[in-house]
Amino acid sequence: MLEVRELTKKYGDVTAVDHISFTVQPGIITGFLGPNGAGKSTTMRMILGLDRPTSGKALVNGRSYTGSPAPMAELGALLEAKAIDKGRSARNHLRALGATVGIGSSRVDELLEVVGLTDVARKPAGAFSLGMGQRLGIASALLADPSIVMLDEPVNGLDPDGILWIRNLLRELATDGRTVFISSHLMSEMELTAEHLIVIGRGSILADMSMDEFIANASTQHVSVVSPHATDLRNLLAGPDVSVTSTAPGRLVVQGLSAAEIGDVAARHQLTLHGLVPIEASLEEAFMKLTRDAVEYRGTSEPHPSERKAA
Amino acid sequence: MPTMTLTPEAATANPAAATPAPRITIRRVITSEWIKLRSLRSTWMLVAGIVGAIVVFGLISAAVATGNVSSTDGGPSFAGSTPVATVLSGANFGVLLVAVFGVLMGAREYSSGLIRTTLAAVPARMPVLVGKLTVFTAVVLPAVLAGTLVAFFAGTAILTQSGAASASWSDPGVAGAVLGTVGYLVGIGVLGVALGMLFRGIGAGIGVLIGGILFVPTLATALLPDSWDSVLKYLPSAAGQSFTSVSASDSMLSYWGGVAVFGAWVVIAIGGTAWSLMRRDA
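Taken in order, these protein sequences are the chains called E and Z. Residue numbering for the first sequence follows the working numbering, beginning at 20 and increasing consecutively. Residue numbering for the second sequence follows the working numbering, beginning at 476 and increasing consecutively.
It should be emphasised that the hints constitute simulated quantities derived from the structure, not laboratory data. Only a predicted model underlies this, so the values are computations on that prediction, with no experimental measurement involved. Some hints here could point you the wrong way.
To be verified - Straight-line distance between alpha carbons at most 20 angstroms, and here's what the computed SDA-like set of lysine to any residue pairs gives:
#1 E:K142 with Z:M727
#2 E:K105 with Z:A621
#3 E:K76 with E:S87
To be verified - Distance windows between CB atoms, simulated:
#4 Z:A697 with E:V33: 32 to 38 angstroms
#5 Z:G738 with E:S148: 46 to 52 angstroms
#6 E:S40 with Z:M753: 24 to 30 angstroms
#7 E:R82 with Z:A679: 32 to 38 angstroms
#8 Z:A735 with E:D195: 57 to 63 angstroms
#9 Z:A695 with E:S40: 53 to 59 angstroms
#10 Z:S586 with E:R190: 34 to 40 angstroms
#11 Z:A697 with E:R82: 56 to 62 angstroms
#12 Z:D646 with E:K105: 18 to 24 angstroms
#13 Z:L624 with E:N187: 38 to 44 angstroms
#14 Z:W519 with E:S40: 47 to 53 angstroms
#15 Z:S586 with E:M307: 33 to 39 angstroms
The beta-carbon is built from N, C-alpha and C at its ideal position, and this holds for glycine as well.
Input sequences plus hints: build the corresponding full structure.
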């Protein structure tokens, strides 16, 4: 299990990660979703002890990552796929990494087989494609058989075949009972992979819920209505759980009623409808709206309460 | 694709005979650094270059010093001020390669980004510095020692055979200067490892080291008045001269004084690097 408590990272005046807390559960794939620059990688680097948090802490299986006698056996991570020495072979790269905790060549060869790099294992890694680099990075994350696997943008650079491969691999890891934590800036990818979603924007957690919940929240139906009696209709539709907005004369956008219900109301009052179209927001839109709101909030000149206190 | 085995076979096949839980030890981190260093072709090219430079330039200098082989008109004279300086003149080239080798050892991982993988694997960080310094010394010391001894004995043999002024191992100060040269080169390399990690870049590390050991002292000696000599002799290269040459001059530190000052520079650089490594975000 991976726990983050009130984790904060400031670079001078800029707050990259702002008091975030979440828990990543074992047995499922948790997606860490946010636009570029939202703080995903910074959070992951703090979990690994690479960056020192300004405040707060991250707990890996109940203790600090750096406090473990063999951290990579608790949490295996992939941060940057191309962060390998171009002159060294994939096999020697993994051997050197495994050697720090006494893992030998047979386990290395096993992992090279798992990620499908056996044929190129002895060639200099400089010639690797981004996809091959990702596979090598995933092999290094799994090397010490960790109970938590944390991958930063693992799908980046993979071809469709590779994407399918990694989805199956991640599912298998989760089914094994491992904690699987993957970041992405693409909702479309998370939709297909993750069962739980943590959305980050501008260093703050915007959503922490199951994918099903997120979908249920996101797909609030809107109905676009076109009618010459828009004003009359608007008054008739008004209700406690209904919101009606007008985008242009004669046009309404209704939230909280189905197209059938709106049609019934119009028929009962003999109002002509020229258009009645249900519009379903995609998850991508829901995600963009969520993060855009965060950007707008943080973009105002009003200082953040915590910053005001500090100043 | 074969069936995926995500768990080590030993652990799944026979839990009773499972391998001991993985654990970081300093010995293992040193092994890891050794695998990294030996698996790069550039390592062995540099080692060959260091030995080659020390031996080849030393022998050429000795041959030129006999007068039997003359350099082209106006060409550089390799001959040193003493027979020992002549046969060890290759060290002046060797030191540049050792410096480059050391900085590469320290900074290469920062250039590729691999350092973050390394430090995530070994979050205590200090074992990584110890591992790099240990492995580097273990590779460079034998190479420099062998190259220097070959250059000395073969070079002095050439000088002796031709009847030119030569030196013998048992002459006063000779053994000290030869071994001092070995120590100076290894020390410069270690400085390179430390500066490479401190500045986190190959260019910056090489610039500071080669600038610091070659150009600054030369420039300073030329530009500053003589009264500054009492300060300048404490610079790494000036301190190095006091224990790498046979002819001591009054403007230099004593042999052991030089060793102590040079050693202090190396220790300060390692200390600063250790402090930076522990404090800064990777």
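Hint check:
Only pairs whose Cα atoms come within 20 angstroms are accepted, and K142 of chain E paired with M727 of chain Z is rejected, the gap being roughly 51 angstroms. Taking the CA atoms of K105 of chain E and A621 of chain Z, the gap is about 31 angstroms. The hint is violated against a cut of 20 angstroms. Pair hint K76 of chain E plus S87 of chain E holds up; C-alpha atoms about 15 angstroms apart against a cutoff of 20 angstroms. Taking 32 to 38 angstroms as the suggested C-beta distance range, the pair A697 of chain Z and V33 of chain E does not conform, at roughly 46 angstroms.
Taking the beta carbon of each, G738 of chain Z and S148 of chain E are about 48 angstroms apart, inside 46 to 52 angstroms as hinted. Here the CB-CB span from S40 of chain E to M753 of chain Z is close to 27 angstroms, well matched to the stated 24 to 30 angstroms. Distance hint check for R82 of chain E and A679 of chain Z: the Cβ-Cβ separation is about 37 angstroms, which falls inside the suggested range of 32 to 38 angstroms. Range check, A735 of chain Z to D195 of chain E: about 59 angstroms between beta-carbon atoms, so the 57 to 63 angstroms window is met.
Separation of A695 of chain Z from S40 of chain E is about 56 angstroms and conforms to the stated range, judged on CB atoms against 53 to 59 angstroms. Between S586 of chain Z and R190 of chain E the CB atoms are about 36 angstroms apart, so this pair conforms to the stated range of 34 to 40 angstroms. Here the CB-CB span from A697 of chain Z to R82 of chain E is close to 59 angstroms, well matched to the stated 56 to 62 angstroms. The supplied range of 18 to 24 angstroms is broken by D646 of chain Z and K105 of chain E, whose beta-carbon atoms lie about 49 angstroms from each other.
For the hinted restraint 38 to 44 angstroms between L624 of chain Z and N187 of chain E, the CB-CB distance of approximately 60 angstroms leaves it violated. For W519 of chain Z paired with S40 of chain E, a C-beta distance near 51 angstroms keeps the hint of 47 to 53 angstroms intact. About 36 angstroms separates the C-beta atoms of S586 of chain Z and M307 of chain E, a value consistent with the hinted range of 33 to 39 angstroms.
Comparing the model with each earlier hint shows violations of hints 1, 2, 4, 12, 13; every other hint is respected.
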